[in-house]
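*Asks:* Sequence:
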Amino acid sequence: MAKLQTFSLNVDEMINDFFEGCRAYGIVTNFKNYKFCWYINKMLGYDFRLNTDIEIITSKKNRQYFFPVYQYNIQNSAVTHYLYDNSFDGEYLIPEFKHIDFLWLMKGEYYIDEEACNEIIEIVRSTKEVQMISEIDVDKLSSKAHLIF
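The sequence shown runs 2 to 150 under the numbering used here.
Treat the hints as calculated values from the structure; they're not laboratory data.
Source: prediction; values computed, not measured.
A hint or two may mislead.
[Stated by the list, open to error] Below, simulated EDC-like cross-link-like pairs (lysine to aspartate or glutamate); rule was C-alpha separation at most 20 Å, straight line:
{"hint": "1", "residue 1": "K141", "residue 2": "D90"}
{"hint": "2", "residue 1": "K99", "residue 2": "D48"}
{"hint": "3", "residue 1": "K33", "residue 2": "D18"}
{"hint": "4", "residue 1": "K145", "residue 2": "D48"}
[As the list claims (entries may be wrong)] Pair ranges (Cβ atoms, derived):
{"hint": "5", "residue 1": "D90", "residue 2": "A3", "range": "22 to 28 Å"}
{"hint": "6", "residue 1": "T59", "residue 2": "S135", "range": "23 to 29 Å"}
{"hint": "7", "residue 1": "D18", "residue 2": "M44", "range": "28 to 34 Å"}
{"hint": "8", "residue 1": "N17", "residue 2": "T59", "range": "27 to 33 Å"}
{"hint": "9", "residue 1": "N42", "residue 2": "S9", "range": "22 to 28 Å"}
{"hint": "10", "residue 1": "N17", "residue 2": "I124", "range": "29 to 35 Å"}
{"hint": "11", "residue 1": "K61", "residue 2": "M15", "range": "21 to 27 Å"}
{"hint": "12", "residue 1": "E130", "residue 2": "F8", "range": "30 to 36 Å"}
{"hint": "13", "residue 1": "K4", "residue 2": "V29", "range": "40 to 46 Å"}
{"hint": "14", "residue 1": "K61", "residue 2": "Q6", "range": "20 to 26 Å"}
{"hint": "15", "residue 1": "A146", "residue 2": "R126", "range": "26 to 32 Å"}
Every residue gets a Cβ at the ideal spot worked out from N, C-alpha and C, and that includes glycine.
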């Protein structure tokens, strides 16, 4: 009879790999998710689109909560932007930041360059509909595993 093998998943390593080479920003705005993406697309020339394949679904108290994720890949580069909607029907994807409407995750080596990030952030901050945009240290997020799809 064949011997049964067991495998274990190293969750910490998976989380570290996912967030390697990224920057995260919390955004407070009056915009709904679709309108905020339209605004970003218009201001920065991006093409954020809803990606239903990576939508975050959580369950709590026998109920499901759906957190849309918008994605934009910069052509001819390894840079990807993810825009997470932080709230759905009174629940939060990142409970420690309930005041944040969106989390913008920028992945790729390009975003180690602080000057490039600051330029993007200043453009977003320049509108009256964005009350706040602030960098978030992903390593200090207790619920960062919620962001992995």
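*Asks:* Could you run down the list of hints and mark each one as holding or not?
*Replies:* Going down the list of hints, with the structure as the test:
For the suggested pair K141 and D90, the alpha carbons sit about 26 Å apart, so the restraint of at most 20 Å is broken. Taken as a hint, the K99 and D48 pair is broken in the structure, with Cα atoms around 27 Å apart against an allowance of 20 Å. For the hint linking K33 to D18, the alpha-carbon distance of about 31 Å lies beyond 20 Å, and the restraint is violated. Taking the CA atoms of K145 and D48, the gap is near 25 Å; set against the 20 Å cutoff, the hint is violated.
Here the CB-CB span from D90 to A3 is close to 48 Å, at odds with the stated 22 to 28 Å. In this structure the supplied range 23 to 29 Å holds for T59 paired with S135, their Cβ-Cβ distance being about 24 Å. Separation of D18 from M44 is about 31 Å and conforms to the stated range, judged on CB atoms against 28 to 34 Å. The given range of 27 to 33 Å is broken by N17 and T59, whose C-beta atoms sit roughly 22 Å from each other.
Roughly 42 Å separates the CB atoms of N42 and S9, a value that falls outside the hinted 22 to 28 Å. For the hinted restraint 29 to 35 Å between N17 and I124, the CB-CB distance of approximately 30 Å keeps it satisfied. Here the CB-CB span from K61 to M15 is close to 23 Å, well matched to the stated 21 to 27 Å. At about 48 Å, the CB distance of E130 to F8 disagrees with the hint of 30 to 36 Å.
For K4 paired with V29, a C-beta distance near 55 Å fails the hint of 40 to 46 Å. Checked against the hint of 20 to 26 Å, the pair K61 and Q6 fails, with Cβ atoms roughly 34 Å apart. Remark: the range hint 26 to 32 Å for A146 to R126 is upheld by a beta-carbon distance near 29 Å.
In summary, the numbered hints that this structure violates are 1, 2, 3, 4, 5, 8, 9, 12, 13 and 14.
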